Amino acid sequence: MIRLALILLILLLASLLIFNKKFREAFTISVIPLVLLVVGLIGYMIYYMFSTNYFS
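Numbering-wise, the sequence shown is residues 1 to 56 according to the working numbering.
The hints are simulated quantities; they were obtained by calculation from the structure and are not laboratory data.
Quantities reported herein were computed from a predicted structural model and do not represent experimental measurements.
Just so you know, even glycine gets a beta-carbon here, dropped at the ideal spot from N, CA and C.
One or more hints might be untrue.
Here are the computed distance ranges between Cβ atoms for each label pair [claimed, not checked]:
#1 Ala5 / Val39: 32 to 38 Å
#2 Leu11 / Ser51: 16 to 22 Å
#3 Lys22 / Phe50: 15 to 21 Å
#4 Leu6 / Pro33: 15 to 21 Å
#5 Gly40 / Met1: 17 to 23 Å
#6 Asn53 / Lys22: 41 to 47 Å
#7 Leu9 / Leu36: 23 to 29 Å
#8 Asn53 / Phe19: 21 to 27 Å
#9 Met45 / Asn20: 29 to 35 Å
#10 Asn53 / Leu13: 17 to 23 Å
Turn these sequences into a full structure, and let the hints steer you where they fit.
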């Protein structure tokens, strides 16, 4: 549960960096690595849920 909360927190931070222009300019991060990070985290979260039988 802690790991899931941590992943959601990272997703929230990444989406904040993507959609908030001032944050993006402050950190000077382009959008593409953040999108890859979000996609990777979602993929990992789905894999983690299936590997731990989260849905059953």
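**Report entry** Index of numbered hints that the structure contradicts, given in increasing order
**Finding:** Hints 1, 3, 7, 8, 9, 10 are the ones this structure does not satisfy, whereas the remaining hints hold.
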